[in-house]
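S.K.: The two chains are supplied separately, each in an independent frame; assemble them into the complex guided by the hints.
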Amino acid sequence: MADQAASLPRVAPVSGTSSSAARFRDGIVFYTVAGLLTFFFFFPFFWTVSSSLKAATEITTYPPVFVPSELLFHNYYRAWTKVPFFTSGFASFAIPGTELFLNVPTFGGFYVNSLIVTVLAVLGQVLSATLVAYGFARFQFPFRNTLFMLVIATLIIPWEVTIIPSFLLYKWLGWLDTLKPLIVPSWFGGSPLYIFLLRQFFMGIPRDLDEAAEMDGANSFRILW
Amino acid sequence: MSTSSATFAAQPARRGASPLTRRKAIEGYLYISPFLLGFLIFTAYPLVTSLYLSFTSYNIISDPTWIGLENYQRAFTQDGQFWASLGRTARYALMVVPLGIICSLLAAILLNQGFRGTTIFRTVFFLPSITPIIASVLIWLWLLQPSIGVVNYLLSLVGVPGPPWVQSTTWAVPSLVILSLWNTAGGSRMIVFLAGLQGVPQELYEAAHIDGANRWQRFWNVTVPMISPTIFFNLVISVIGALSVFSVAYIGTQGGPNYATYFYVYHLYISAFQFNLMGYASAMAWIFLIIVLALTWMQFWGQKRWVFYAGDEHDSGGKDG
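Order-wise, the sequence lines are chains E and G. Numbering of the first sequence is given in the numbering used here, commencing with residue 1 and proceeding in unit increments. Numbering of the second sequence is given in the numbering used here, commencing with residue 1 and proceeding in unit increments.
Chain G extracted, bound-state conformation (with noise of 0.2 angstroms):
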């Protein structure tokens, strides 16, 4: 896709040029102004500010002091929260990502096969995605309630004894990720891996099938590549997603059973509103946001790998950017 806007590119507008080049250029910062406006009021003001504070004691109510790194050493040293916070946000996102993924492209796949009824299946998987995330944390804690839910009953029919689920602390993380499964699963990501299966030209298929490739080996050697930006898009997407985790906990859970689901954005956001710490959440969000960066730059690096752009003139996916 960037195809196009090179073509126009080969034209630049440098200094001295044109008067009609350099009033189309002032045009166009015009057009682009309510974004760089927005930018630097509602981003860039925000972010340079947050770092400012990362390095004081600020509790709103009197002015910031400057305090130097002393917000960075208490994260990595004294919180014990930070470290286990953040172990907890690991190990959710390290089931929710795979599990994610692959529910959604399994469910595109289903629904590109072409059967009777794929358009009514495909609302019914969208569905969940649109629903507000408080019904939906509301209507799960409903159903998964140890005592007398339905997941519980339900299992109790094929002979399974219920686990406690988010009473527990070790089903509480697991019930989230249901959770995030039903929300998620069938939402935008199983719609861009939808958009990428049908990207896949059927001549490779065909051509497959006449080498005498069987399903699996098609979906392995056909599909996986084809589709490689797309889950390479999905897989960014869904990482910064999971490592955020903070509706779910904040409405459901509170953070219980014994901090079980006490993630790192929920610690983050105690310590800001619950107790005062600004300049402290405020480092706290700094780390974070290099951390989200170090593993989406990661990801970037090490799609060279596995990530397969067919030629010049691909748009399967088209996502990336």
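Chain E with its partners taken away, still in its complex shape (with noise of 0.2 angstroms):
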């Protein structure tokens, strides 16, 4: 999503026509909007910067300090040490002829699970949603349409509706607690919202790059790869 924001073109100027006292008026008013909605935007996050280094007298002072009278890095610190980031505790090995341990941090803690989740996750949501994709957009076969309109219709169907269902499912399949419903069902074509948008892109390839590959006698997967 970020990077669709940041893809946008740049945009050209409204009404060429204005004259510039007109332009000039319409820049206060554009630059007045747009400042008050960053402040309303932004605000929350400096709030968060600014109290991450204060000390915690000061987090809940009134009138509420907007700039720490003393920058507290040791905060992030103590967030750091405090919480299992990286690590989810300590292994301790007994050194081998002598009665000291080795004390391990041990692999594992919350970025860790996040870094496990978003990477197959994400390799699998883009992995099967192209191929999704690709056959809606490229191939003919009874029910195309209907099975597309079934992508769409996911969109709608809230999450709530099958919650208890998907609960028993990986219940039964002994996944709870495990970070398998976060992954495995992004393999199989993950968010109906990215096969939509994939078969657009694919659909706006001419068609002719496909044949001449195929002429040259590549099949569909290498066509697509």
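Everything labelled a hint here was simulated from the structure, so no lab data went into it. Be careful, since some hints might not be right.
Said to hold, decoys possible - Part of the chain E face toward chain G, derived, beta carbon under 10 angstroms: (1) A56; (2) L182; (3) S186.
Claimed, not checked - To spell it out: a stretch of chain E is covered by chain G in this simulated footprint if at least three of its residues, at any positions, have a beta carbon under 8 angstroms from a beta carbon of chain G; those stretches are: (4) 23-35; (5) 172-179.
The beta-carbon is built from N, C-alpha and C at its ideal position, and this holds for glycine as well.
M.R.: If you want it as structure tokens, here you go:
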């Protein structure tokens, strides 16, 4: 989504016909409104960063302190060491021949969980959605349009409706308290929105390219690749 | 966008077709098989199961027992929170959907004027929508804290006594509306509007200008009709999103104070996972699905009256599916 926001083309002025005085007046309105919106959207971020550098006493003072009197970067060190971000604890190994133990941080913790889920889910999402979208965009088969409507229809089914049986399904599969429910569905086409977007994208690629490749003996998977 | 698919559909793959088309059809099915499997396992199966469960009494531990329509009866006639939570959700949606659409459209129009700094503003507006929901809720609870919160402090500077926000039954829902606006106004909804605005042909504005239309008239008579498919798309998605409101109530207010933010889906969640009333919650889920489908259908039916598709070659917004 962030890429989407960043990659939109730059916009041309809407009315090239207005005079420079009018343009100046518009500019004042634009920067006033945009400034107010920026304050609304950005202030919570500023507040979070500012508070993250405050001493505990400054957090709850009234009137609120906007710029901390002392910048305590130490807070980040404490957060990092207090919570299992990258390590899930320590494993002790006895060093043979001695009375000593070696404490090795074990790999795990919050970020590792997030990392595993993100990498595997995104990978599955991209691969499977691409295959499915390619199938919808480039092949003729019975019920194609009906099945594509099904893809769109799944967009409007609220997740609340399927949450209980999904929970039971995961329970039956023994997936509760594992990361699997967060990963595995992504490998089966994942979000219908991506299938939809990718299909639109494939349909924008000229078919001549496919046909040329086919003449050269490439199979459909190679064409996709 | 359906034009190109229509062209290809002109050579249909019928029974008894040539081996090549049949092979192609099989290949096509192979490509979409991940979706088909996933749909069957993770959507169709749970959907059908929840329909079955909605006619049963089921607490996870013992097997479901068939009780017919009792769950539905209970929802409509005995459970006071059913209608109450539905009403609250409707009120929330009535606030958040129009405001959200107006704010996103306003922001998109602003960013479409081509002033210097547009890229920076666009990034800032977009930032909240990629903030994890938990973080957004926690920050806003803090900002809206009635006695020491920053929002009420800023209000006091301009002489307005700040309301008690999430701690009062009157202001809890508006607080969540503000939170939702912060979270979504500059997000994908704004981006979709921006794409729609950029698809409006410049000539139309120039023609309207020459005809003496002022800015307001140009907005109502050129912009709004031309981006109406985009408005429609955003409306459908926003209504579904607003009715499904859950996370903010779950993380932020736990349905309180005094049930002020006890929304429908939260009621469903509590029934299922706190009281283990899986059958009853399934019935609630199906009622919800029917409500959502009905509202979506009504919007599709109503779009004929106000949504303008600029002929066959239209691709403005391009989200009409």
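S.K.: Evaluate each hint against the coordinates.
M.R.: Quick rundown of the hints versus the structure:
no., hint, in the structure
1, A56, "violated (14 angstroms)"
2, L182, "violated (12 angstroms)"
3, S186, "holds (9 angstroms)"
4, 23-35, "holds (count 6)"
5, 172-179, "violated (count 0)"
Of the numbered hints listed earlier, those contradicted by the structure are 1, 2 and 5.
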